[in-house]
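Start from the sequences, fold in the hints, and give me the full structure.
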Amino acid sequence: MKTAYLDAFKKMVSIRAAEEEIAKYYLENKVMSFVHFYVGQEAVAVGVCDALSAEDRVMGNHRSHGHYLAKGGDLKRMVCELLGKAEGCCRGKGGSMHMIDKSVGFIGSTPILGSVVPLANGSAFEQRYSKRGGITAAFFGDGAFEEGVVYETLNLAALFKNPLLLVVENNLYSVNSKLRDRRSAEHEVERIVTGFGVRYMKADGLDYDDVHKKASELVKHIRSGKGPAVLECVTYRHMAHSAPIFDDAAGYREEDVLEKRLEKDSVKKVRNLLLSQGVSETELSKIEADARAHAVECVKYAAAAPLPDKKELFTDVYA
Amino acid sequence: MAERIIKYTEALKEATDQMMEIDPKVFVVGLGVSYKNGADGTTAGLKAKYPDRILDVPVSEAGLTSMAVGAAVTGLHPIVHHGRVEFALLASDGMFTQAAKWNYMFGGGNPVPIVIRINVGRQWGNGPQHTQALYSLFGGVPGLKVVIPSSPRMAKGLLVSALKENNPVIILEPRWLFNIKEDVPTEIFSEPLDKARVIREGKDITVVAYGDGLHSVREALELIGDAVSVELIDLVSINPVDHDTVARSVAKTGRLLTVDTTNEAFDIGSEIIAHVARNKSLKLKDAPIGLACPNVPVPTSTVLTEEYYPTKVTIANAILSALGKPSIDKKLSFEELHLAPTTTLK
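Listed in order, the protein sequences are those of chains A and B. Here the working numbering = 1-based position in the first sequence + 913. Here the working numbering = 1-based position in the second sequence + 387.
No lab work stands behind these hints: they were computed from the structure. Backbone N, C-alpha and C define an ideal beta-carbon position, used for all residues, glycine too. Hints may be right or wrong, so weigh each one.
What the hints assert, rightly or not - DSS-like, lysine-lysine: derived pairs with alpha carbons at most 27 Å apart:
(1) B/K434 to B/K423
(2) A/K1074 to B/K434
(3) B/K582 to A/K1224
Claimed, not checked - Counterexamples of contact, computed for chain B against chain A with all Cβ distances above 10 Å:
(4) G470
(5) A674
(6) P684
(7) E722
Below is the structure:
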């Protein structure tokens, strides 16, 4: 068990370090490119992806650095993409909101809210239709859960019994809009989901262990051919909706104020768990230092990497 | 070889059936496609032959279209059927923002082999929210291939090509043509997606049309007879547009008439005329002419629709007038104006 948590800690720390180094680079170099940081939500991506197999597929949304990395996506290619470089995972044409690394089963992220939900259902449809096995997991937020296409998909996925896991990362805000400004007091995600005949579980998105256990249970349910499932993970987004900064000064946060976020931080939680299991501070510090060094190296590599040829403007409009 | 005359809708069904036979990746989703006379007959009887591949669906156009896009990017070749373009608009994200961009935004190597068949255009009694054409909307999105079959033969050949294509193809099917008949080869054959066709050679004037408008031009040419030598071009594709074929023809005739069956603002003819106008090597003998529907929604009352679409008489007279010939005075019957044609094409 200790090994499993160590592995999760390594992954979460790697995602955290990568984004922190990228944020630093953006601020220092005034990079003018949209970016939605995942910092704070790492337990969700890692907890879910650890419950999946290599042949399973993952899709994401506008905030998908963590999902991409948790499924095994290459960090150098990710940072290159953020900086519009030729070696980026989309050759510089996508940017931060378009992560893809098909070699590890991360088959794409799309930033139009909710759009990934029916697309992932199509991937799950293919897995069932082609009898190839495997499931598709899609990450999206509480804001996207309000898009109509999500309800259409719950119905369609249940109807076709597609092997689809929908992971709702409820970080309490759609941009800066609070849940209570968007939903009635009687709104219940569980009743909506189960009303479609879809299995539902709710996890503490700041707790790797809880996410991983519940994701594993739902994955088992889906693999047995019983149809789709929804895992709602309540979590905290540490940084601003779409900038490399902390935005506590904006004053919209209520429950998840900085002090609370630091206290309940998901990376810290796994770290404390490992310490309590007898892993040494030295070992954990080394993991953190290695992750930091790798992130620094990747950002440095991407900063120096070549830009795409201008002729690429016209390539790949069609396959 | 003996003639084999079939309807436009039968040609679409035959292409679907024959391609499903050879390609297990092809499946069909759409409202009512499993019915006995599914999708206006274009999937009739196929449910019995392919029970797991002809899929009736809930009325969730956005969800099912994007589901098909997701299935396409992971290796299948879906056909999505939308019975009216107004319903297809609910799937705009899947068509315009996902399928059209996918290969480009992920840096290539990410094809989206999907066919989206959409019924468009005129039909008596259906009015503002059931008979739009919206051609320009589809023509203006990079990454899509968009074709408008003008005959049963084209319907079959273009659908076969679309199912062999590794890109998203939108087929806009004018329902005005569904009962048109033609001799169509029984075997599988392809018609190229991105090429206009000169379907009649002439020297006095170039007429560019597509879909149901092209059929009206064919009828107009019968009225005109030998009075004018018309070169008729079936545009076939509105994305990409084959401007070269138009330019070659206009270089020969020096005159241009375009016929649209959609609102005149930002119509297809305007795009054709703009390219000709920008082409310094082309010398026109006269200003180009564009016929189209007025900039109002499609009304329902037949008294009003009579004023809406260019008819064979208005088209014939536009051609005659361009060549300084006397116009034709012919009153069209109610049937000619409002009932879809059942002509057998020669």
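With the threshold set at 27 Å, check whether the alpha-carbon distance from A/K1074 to B/K434 stays at or below it. Roughly 20 Å between the alpha carbons, so the hint for A/K1074 and B/K434 holds.
Evaluate the condition: distance from the CB of B/G470 to the nearest CB of chain A exceeds 10 Å. Label holds. Min Cβ-Cβ 17 Å, cutoff 10 Å.
B/K582 and A/K1224 were given as a pair; does the straight-line alpha-carbon distance stay at or below 27 Å? 25 Å, holds
Checking one constraint from the list: CA of B/K434 to CA of B/K423, max 27 Å. Satisfied? 8 Å, holds
Compute the least Cβ-Cβ separation between B/E722 and chain A, then decide whether it is above 10 Å. 41 Å, holds
A cut-off of 10 Å on Cβ-Cβ distance, and B/A674 was said to be off the interface with chain A. Does that hold? Consistent with the label, B/A674 stays out of reach of chain A, its closest Cβ about 33 Å off (over 10 Å).
In terms of Cβ atoms, is chain A entirely out of 10 Å range of B/P684? For B/P684, whose nearest Cβ neighbour in chain A is about 25 Å away, the distance exceeds 10 Å, so it holds.
When the structure is compared with the earlier hints, no violation turns up for any of them.
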